[in-house]
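Kindly produce the complete structure, drawing on both the sequences and the hints.
Here are the chains, one letter per residue:
Number of protein chains: 2
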Amino acid sequence: MTKTPLILVTNDDGINAPGIRALISVMNTIGDVVVVAPDSPQSGMGHAITLDSMLYAEQVFFDDGPQKEYSCSGTPADCVKIAIREILDRTPDLCVSGINHGSNSSINVIYSGTMSAAVEAGIEGIPAIGFSLLDYTWNANFEASKPFVKTIAQKVLKEGLPEGIVLNVNIPNVSKENIKGIKVSRQAKANWVEEFDKRKNPQGKDYYWLSGKFVNLDGGEDTDEWALENNYVSLVPIQFDLTAHYFLKELNTWNLNDIETNSA
Amino acid sequence: MTKTPLILVTNDDGINAPGIRALISVMNTIGDVVVVAPDSPQSGMGHAITLDSMLYAEQVFFDDGPQKEYSCSGTPADCVKIAIREILDRTPDLCVSGINHGSNSSINVIYSGTMSAAVEAGIEGIPAIGFSLLDYTWNANFEASKPFVKTIAQKVLKEGLPEGIVLNVNIPNVSKENIKGIKVSRQAKANWVEEFDKRKNPQGKDYYWLSGKFVNLDGGEDTDEWALENNYVSLVPIQFDLTAHYFLKELNTWNLNDIETNSA
Chain P
767 MTKTPLILVT NDDGINAPGI RALISVMNTI GDVVVVAPDS PQSGMGHAIT
817 LDSMLYAEQV FFDDGPQKEY SCSGTPADCV KIAIREILDR TPDLCVSGIN
867 HGSNSSINVI YSGTMSAAVE AGIEGIPAIG FSLLDYTWNA NFEASKPFVK
917 TIAQKVLKEG LPEGIVLNVN IPNVSKENIK GIKVSRQAKA NWVEEFDKRK
967 NPQGKDYYWL SGKFVNLDGG EDTDEWALEN NYVSLVPIQF DLTAHYFLKE
1017 LNTWNLNDIE TNSA
Chain F
767 MTKTPLILVT NDDGINAPGI RALISVMNTI GDVVVVAPDS PQSGMGHAIT
817 LDSMLYAEQV FFDDGPQKEY SCSGTPADCV KIAIREILDR TPDLCVSGIN
867 HGSNSSINVI YSGTMSAAVE AGIEGIPAIG FSLLDYTWNA NFEASKPFVK
917 TIAQKVLKEG LPEGIVLNVN IPNVSKENIK GIKVSRQAKA NWVEEFDKRK
967 NPQGKDYYWL SGKFVNLDGG EDTDEWALEN NYVSLVPIQF DLTAHYFLKE
1017 LNTWNLNDIE TNSA
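Residue numbers (this note's numbering), protein chains in the order written: chain P, 767 to 1030; chain F, 767 to 1030.
Bear in mind the hints are in silico, worked out from the structure with no lab data behind them. Any given hint could turn out to be false.
Just so you know, same-sequence chains aren't split out, so a pair can sit in one copy or run between any two.
[What the hints assert, rightly or not] Cross-link-like lysine-lysine pairs, in silico, DSBU-like; alpha carbons within 35 Å at most:
| id | residue 1 | residue 2 |
| --- | --- | --- |
| 1 | Lys834 | Lys966 |
| 2 | Lys966 | Lys942 |
| 3 | Lys924 | Lys834 |
| 4 | Lys955 | Lys924 |
| 5 | Lys946 | Lys966 |
| 6 | Lys955 | Lys1015 |
| 7 | Lys966 | Lys1015 |
| 8 | Lys979 | Lys834 |
Right, here's the structure in full:
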C-alpha cells in the first residue's frame, strides 16, 4: 500500500478506556487514525443497533495525538455505521476495535460489542479486527499487547481479508516475555454456566444478579482457549454468514411440506 | 416422544406482543408451555446480556390459556438464561422465539434479539427455532403463519437438531393460500445501506436518526431472500461456531510470528 492507510478505531468499553487509548497509540504508528467510539461503556451489548432513539456524535479531544476523535451516544455497531456514512471522507482501509478489557474468546464472541463493531465493518467490506486482553480491570496493562496488535494490523493491511471474514484476536494477560507468539485457532466449544443470585428488594420483591462460570468443554489443542491457556495470542477468523451449509442437505429430507393444518 | 414436550417460549418484542401470543397458541397444541419473555420491546438488541444491572422475573397472567408466563426485565438472551437456571424444573425439549414482528432474514440475523434467544438456547443444547413474519407492524396478522410454525416445531421435536445448530424461520406476509411452502435456504449476502437523518436539537446541537434501505446483493435462488420474495417460508440452519474454518490454513502462511517490536 503506497498511500497512508486510513484506520477507523472503535471499541465497546467507551472512548476514554485505557484499552482504546493503547490501540490508538499503536495505530498512529501505522496510518491516519479516526476514532469513533461510544461515549459510555457498552460491554455485553452484542450486536445491538439503535433503532428507536437518536444518536449524538461529536468531535472530542483527549490528548496531543494526531488522531481525530468522535464520541458517539450509540452502540459499537452504531459507531461504525455513523463513521462510514457521516464522519469519514472515504472508506477506511482497516477497522480495529478494542483493545477490550476482558476476553472475547470462544463463545464470548457472540456477546461481544468489540466484535460486533468489527463485524459491522466486515459487512461493509472493510478489513476488520477485534482485539481483547484477558484482563477485565480498568487498570489493565496493555503494553505487552502492542507489538502483537501492530503485527496483526500490518499483516491485514498487507494481505487483506476475504469477503465475509473478520479476525478475533485475544491476548493472554502475561508479560511480553511470556507470550509465546500468535496462534491461528478455531473458536473453542465452551459456554457459561450461569448462576443467578436471587435477592429481595426493599419492597420484598425478588430480583436477580447474573453471574456464572466459564466452562471449556473442548479438549482440542487447536482452539483459542488452548492457545490462551498456553500463553499464545489467539487469532480466530470469524464469519457472519451463519448458515450451517453442511446441514442443508439433511433438512431437505425432512418432508417439511407436509403442513400441519390443525395449528391453534 | 412419549411424554408431553416442555416448550420454552420467548421473543424480543415483549411478552404482550401479538406475535408471541400467536406462538403461544400454537405451542399449546403441542406441549406444556412456559413463557419467559421481556417485559418491554428489545428489538435490535442483538445478543445483549445484562451484566451490570439486576433483573426482575415475575409470574404474570394474560389469558385463560394453560401456559405459565413470566415477565422479565432483561434481554431475550437473559430470558432464556433465567428460564433455564431459575424458572423451569427441567431442561425444555424445545425453545421457540417470536413470532417476530419483522424480518430476521439474511444479515438481519446478526442484529436479531429473536434469534439471540434461540442461539442462547442452542448453546445450552436445547433444540431452538426463531420465527419471524415479514410485517413489522404491531397489528400484523399471524394466522397464515401458524400452520408453518406448528409443522416446523413438530419436525424439530421429532428429528432433533445437531449440536451447534438452530433454525431461523422467516414467513412472507401474504395470505395462507399464497404461501407456496417451506424452503430450506442459505443466508443471503445482503446488507443495509444506512442513511443518517441529521437534525439539530433545540439547543442547536447535531443529532442523527438511523434509517436505511435493505440491499440484496445475492442473485442465488437458494437464499432466504429469494424464498421470501417468491412467497416461500424460508428455513435457514444457523451455527454459532463462527470460525471460518476454510481460512485457517491460509492464515498459517502469513508468518504472523515475525513480531513488530516498534509498536507505539
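Taking the hints in turn, this is what the structure says about them:
1. Lys834 - Lys966: between (47 Å within a copy, 22 Å between copies)
2. Lys966 - Lys942: Answer is neither: 46 Å inside a copy and 48 Å across each miss the 35 Å cutoff.
3. Lys924 - Lys834: Answer is within: at 24 Å inside a copy they meet the 35 Å cutoff, but 57 Å across does not.
4. Lys955 - Lys924: both (31 Å within a copy, 26 Å between copies)
5. Lys946 - Lys966: neither (48 Å within a copy, 52 Å between copies)
6. Lys955 - Lys1015: both (24 Å within a copy, 20 Å between copies)
7. Lys966 - Lys1015: The answer is neither: 51 Å in one copy and 53 Å across copies each exceed 35 Å.
8. Lys979 - Lys834: between (39 Å within a copy, 29 Å between copies)
Violated hints, listed in ascending order, are 2, 5 and 7; each of the other numbered hints is respected by the structure.
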